[in-house]
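Protein chains: 2
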Amino acid sequence: MPIFLNSSDPDFESRFAAFLTTKREDSPEVDDVVRDIIANVRTRGDAAVLELTSKFDRMELTADQILFSETEIKAECAKVNETDRTALELAAERIRAYHARQLPQDESWTDETGATLGWRWGAVDSAGLYVPGGLASYPSSVLMNAIPAKVAGVKNLTITVPTPNGIVNPLVILAAQLSGVDNIARIGGAQAIAALAYGTDTITPVDKITGPGNAFVAAAKRRVFGKVGIDMIAGPSEILVIADKDNDPDWIAVDLLSQAEHDESAQSILITDDAAFGQAVSEAVDKRLETLERREIAAPSWHDYGAVIVVRDLDEAAALSDRVAPEHLELCVDDPDALAEKINHAGAIFLGRFTPEAIGDYIGGPNHVLPTARSARFSSGLSVLDFMKRTTLSKMSPAALKAIGPAAVTLATSESLEAHGLSVALRLKQLNSD
Amino acid sequence: MPIFLNSSDPDFESRFAAFLTTKREDSPEVDDVVRDIIANVRTRGDAAVLELTSKFDRMELTADQILFSETEIKAECAKVNETDRTALELAAERIRAYHARQLPQDESWTDETGATLGWRWGAVDSAGLYVPGGLASYPSSVLMNAIPAKVAGVKNLTITVPTPNGIVNPLVILAAQLSGVDNIARIGGAQAIAALAYGTDTITPVDKITGPGNAFVAAAKRRVFGKVGIDMIAGPSEILVIADKDNDPDWIAVDLLSQAEHDESAQSILITDDAAFGQAVSEAVDKRLETLERREIAAPSWHDYGAVIVVRDLDEAAALSDRVAPEHLELCVDDPDALAEKINHAGAIFLGRFTPEAIGDYIGGPNHVLPTARSARFSSGLSVLDFMKRTTLSKMSPAALKAIGPAAVTLATSESLEAHGLSVALRLKQLNSD
Numbered sequence: 000m001p002i003f004l005n006s007s008d009p010d011f012e013s014r015f016a017a018f019l020t021t022k023r024e025d026s027p028e029v030d031d032v033v034r035d036i037i038a039n040v041r042t043r044g045d046a047a048v049l050e051l052t053s054k055f056d057r058m059e060l061t062a063d064q065i066l067f068s069e070t071e072i073k074a075e076c077a078k079v080n081e082t083d084r085t086a087l088e089l090a091a092e093r094i095r096a097y098h099a100r101q102l103p104q105d106e107s108w109t110d111e112t113g114a115t116l117g118w119r120w121g122a123v124d125s126a127g128l129y130v131p132g133g134l135a136s137y138p139s140s141v142l143m144n145a146i147p148a149k150v151a152g153v154k155n156l157t158i159t160v161p162t163p164n165g166i167v168n169p170l171v172i173l174a175a176q177l178s179g180v181d182n183i184a185r186i187g188g189a190q191a192i193a194a195l196a197y198g199t200d201t202i203t204p205v206d207k208i209t210g211p212g213n214a215f216v217a218a219a220k221r222r223v224f225g226k227v228g229i230d231m232i233a234g235p236s237e238i239l240v241i242a243d244k245d246n247d248p249d250w251i252a253v254d255l256l257s258q259a260e261h262d263e264s265a266q267s268i269l270i271t272d273d274a275a276f277g278q279a280v281s282e283a284v285d286k287r288l289e290t291l292e293r294r295e296i297a298a299p300s301w302h303d304y305g306a307v308i309v310v311r312d313l314d315e316a317a318a319l320s321d322r323v324a325p326e327h328l329e330l331c332v333d334d335p336d337a338l339a340e341k342i343n344h345a346g347a348i349f350l351g352r353f354t355p356e357a358i359g360d361y362i363g364g365p366n367h368v369l370p371t372a373r374s375a376r377f378s379s380g381l382s383v384l385d386f387m388k389r390t391t392l393s394k395m396s397p398a399a400l401k402a403i404g405p406a407a408v409t410l411a412t413s414e415s416l417e418a419h420g421l422s423v424a425l426r427l428k429q430l431n432s433d
Numbered sequence: 000m001p002i003f004l005n006s007s008d009p010d011f012e013s014r015f016a017a018f019l020t021t022k023r024e025d026s027p028e029v030d031d032v033v034r035d036i037i038a039n040v041r042t043r044g045d046a047a048v049l050e051l052t053s054k055f056d057r058m059e060l061t062a063d064q065i066l067f068s069e070t071e072i073k074a075e076c077a078k079v080n081e082t083d084r085t086a087l088e089l090a091a092e093r094i095r096a097y098h099a100r101q102l103p104q105d106e107s108w109t110d111e112t113g114a115t116l117g118w119r120w121g122a123v124d125s126a127g128l129y130v131p132g133g134l135a136s137y138p139s140s141v142l143m144n145a146i147p148a149k150v151a152g153v154k155n156l157t158i159t160v161p162t163p164n165g166i167v168n169p170l171v172i173l174a175a176q177l178s179g180v181d182n183i184a185r186i187g188g189a190q191a192i193a194a195l196a197y198g199t200d201t202i203t204p205v206d207k208i209t210g211p212g213n214a215f216v217a218a219a220k221r222r223v224f225g226k227v228g229i230d231m232i233a234g235p236s237e238i239l240v241i242a243d244k245d246n247d248p249d250w251i252a253v254d255l256l257s258q259a260e261h262d263e264s265a266q267s268i269l270i271t272d273d274a275a276f277g278q279a280v281s282e283a284v285d286k287r288l289e290t291l292e293r294r295e296i297a298a299p300s301w302h303d304y305g306a307v308i309v310v311r312d313l314d315e316a317a318a319l320s321d322r323v324a325p326e327h328l329e330l331c332v333d334d335p336d337a338l339a340e341k342i343n344h345a346g347a348i349f350l351g352r353f354t355p356e357a358i359g360d361y362i363g364g365p366n367h368v369l370p371t372a373r374s375a376r377f378s379s380g381l382s383v384l385d386f387m388k389r390t391t392l393s394k395m396s397p398a399a400l401k402a403i404g405p406a407a408v409t410l411a412t413s414e415s416l417e418a419h420g421l422s423v424a425l426r427l428k429q430l431n432s433d
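Protein sequences, first through last, are from chains A and B. Note that numbering that gives the first Met the number 0 numbers the first sequence so that position 187 is 186, with each residue one more than the last. Note that numbering that gives the first Met the number 0 numbers the second sequence so that position 7 is 6, with each residue one more than the last.
Just so you know, these hints were derived from the structure itself, not from any lab. Keep in mind that the hints are not guaranteed to be accurate.
Copies of one chain are not kept apart here, so a pair can be met inside one copy or by any two copies together.
[Stated by the list, open to error] Taking lysine-lysine pairs in the BS3-like style, the calculated list, with each CA pair at most 27 Å apart, reads:
| hint | residue 1 | residue 2 |
| --- | --- | --- |
| 1 | K226 | K341 |
| 2 | K428 | K244 |
| 3 | K401 | K244 |
| 4 | K154 | K341 |
| 5 | K226 | K149 |
| 6 | K286 | K428 |
| 7 | K286 | K244 |
| 8 | K73 | K149 |
| 9 | K149 | K341 |
| 10 | K149 | K78 |
| 11 | K244 | K341 |
| 12 | K401 | K428 |
| 13 | K226 | K154 |
Everything numeric in this text was worked out from a predicted model, so none of it was measured.
Build the full structure now, drawing on both the sequences and the hints.
Structural data, given as structure tokens:
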């Protein structure tokens with residue numbers, strides 16, 4: 000059974016605090032294995048990748064089969080039916096339009112001393128996107144990772160997608176094509192991350208790696224962080240729905256289940272100001288779980304980690320939601336904009352009764368790669384900025400250096416950094432003698 | 000001796016490539032020690048912090064002495080002389096003015112389907128700044144970390160600064176005061192990072208940790224990443240100077256030494272289109288090294304990792320610089336703006352003959368916390384954005400859901416995510432029956 004909490008109960012605070020710290024994910028001790036895999040790929044390149052692919056994906060490949068050929072890509076794309084293709088094209092178009100607005104501005108100004116200051120944004124040269132294989136091989140994730148990279152201006156974009164037993168998802172290949180991906184490699188696991196970070200004869204090394212993956216992939220990303228940039232360490236998905244009694248309980252039930260069906264460790268939380276409505280949603284969830292295709296995933300998620308929390312009013316709902324800092328937040332209330340104003344921490348907010356979270360997974364436009372495990376307190380969903388970096392610019396005129404240089408000399412001296420001070424003082428000396 | 004390379008030499012490419020991959024930093028195996036320290040602090044809180052502070056900093060404290068008191072802060076600030084205070088105030092003011100321009104814009108728009116989309120930025124609630132103690136206890140680093148956090152709107156800002164043997168740098172305390180820091184803790188090492196990440200009775204847990212530190216601090220930051228946000232794993236400092244023959248060789252020599260004096264592992268590189276000028280700078284460096292206060296640090300840095308590279312022209316200089324992706328880049332040439340246009344990868348660019356890098360360390364305005372070890376290829380210097388996060392917003396009108404919802408149902412079906420599809424389909428069903 001999911002947990003039922005009522006903010007009016009005397010033990011609410013302790014129970015809610017305990018709920019917040021519930022550990023949802025096993026952290027298997029994969030770190031040693033991953034370290035060895037990375038060292039192996041770093042030393043032996045393609046040979047190591049091929050061995051590991053044989054071992055983990057049961058695929059016997061040669062080096063020249065690691066990348067999909069043009070012909071193979073065309074053949075896979077041709078397998079996609081017209082309805083799926085049209086839907087994927089609409090999604091790509093809307094995601095592109097949203098992310099194009101994220102392109103940041105360069106700035107330059109001259110201050111009162113004559114110093115010209117500013118910054119300039121540029122794209123990373125190359126990026127690698129990890130796409131899981133098998134059950135979680137989602138074409139939508141390809142669009143959500145690849146399109147921001149291409150909007151940012153990444154020139155060389157490689158995706159790695161394992162094809163265990165040779166099974167390829169044609170929609171993943173089509174999504175890569177629609178996004179402008181440059182290379183598709185049929186490899187996965189920590190070996191794919193190592194190949195992207197260090198390069199092999201076949202895989203060009205990249206500057207940034209993004210995309211979801213299992214515990215091995217996450218551990219590998221953590222290990223190569225620094226050598227390359229990474230996006231974030233993704234945890235299981237979460238949804239928090241704030242709903243008043245004027246919703247159809249069945250709608251809210253399927254919204255909750257839309258995260259629960261992702262993963263047994265996913266978490267779905269309802270906060271409502273009406274206890275009877277909370278009960279009705281719980282019953283609707285149970286009913287849907289009788290027939291849901293992925294009930295063997297969704298039921299344990301809901302029973303082990305689900306929650307129905309009854310609060311006095313929507314202000315209290317907002318405050319509790321901020322403590323959860325959910326990845327996805329639905330506001331199914333009369334005035335969702337007013338309620339959204341009270342929220343500080345959430346990866347994505349879906350406003351109103353006609354914005355189920357699944358719209359954001361596919362077609363709304365905003366990114367569906369979002370901070371999990373309370374990290375919305377300090378991080379953001381994937382964006383164009385993740386594929387760009389900023390260079391700061393400074394240019395002193397002689398007058399500017401005369402105005403602010405002496406303070407730099409003072410501070411350098413106080414930090415016992417003589418050469419720092421000299422680099423300014425020598426120039427000031429000439430300016431003052433001119 | 001520093002390495003001398005000439006791009007016209009037949010073996011240049013192989014020697015330059017080898018130079019790029021020279022490992023400058025030992026990675027001592029500190030990870031096990033750090034894991035134990037974090038576990039200890041997480042379990043035992045202040046008691047563990049006090050024991051570790053006694054052990055590493057030779058300071059016997061009680062829990063109520065971990066934080067500097069108001070009285071202690073005032074007393075330290077009063078020790079700073081007027082010249083230093085005025086310089087620090089000017090630096091704070093200029094850094095604040097620069098970073099205030101980084102505050103990002105919220106966006107909201109309604110597209111042709113009636114979907115309202117956008118995003119909203121907010122500050123992290125609390126942040127912790129690590130400030131090294133001893134030799135590298137720099138007040139300028141306090142300003143550079145704390146001011147962006149406060150400009151972003153961070154409400155609770157804690158700095159940790161170890162005071163080995165009880166030695167406090169009054170300028171560090173004053174810099175914290177000028178930046179609006181809320182708490183100052185006299186602790187350091189991995190135990191400080193653990194206390195910031197997990198909290199103790201004395202230290203409020205934070206959402207984001209920034210600031211430089213030694214190998215233990217870096218390993219601890221890597222370990223708590225995910226539980227909290229971190230800025231970056233900083234490596235030894237670097238400068239690359241592109242200079243033509245019309246510079247005073249001594250000016251360029253002290254510019255190179257201003258990074259070399261930071262750390263034996265720091266790296267200083269000159270690229271010039273004039274071999275005789277390169278030789279003159281090398282001789283000027285040697286001369287300065289005879290008397291420089293920190294010559295015992297700067298000399299090994301220059302001799303082990305320094306480089307003078309002679310190129311055919313400035314275009315070639317820009318291309319080689321991009322391969323280094325330096326933390327700091329000086330363009331000491333006639334038309335630095337034109338040359339800057341050719342640069343893609345650098346943490347900060349200092350343009351012209353009157354902009355020594357040290358100006359940026361203290362007083363220019365841009366941040367001096369910058370990407371090292373070639374990570375300017377994919378990351379940026381510290382900014383206000385590091386203390387903010389973005390929440391995406393989506394609101395479907397009934398018309399918008401009717402327009403784009405069917406494609407979401409198609410894609411959910413193709414990914415075998417039934418509840419995702421249902422959450423849209425149930426709403427579409429009602430809209431279509433209205």
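Structure versus earlier hints - violations, ascending order: none
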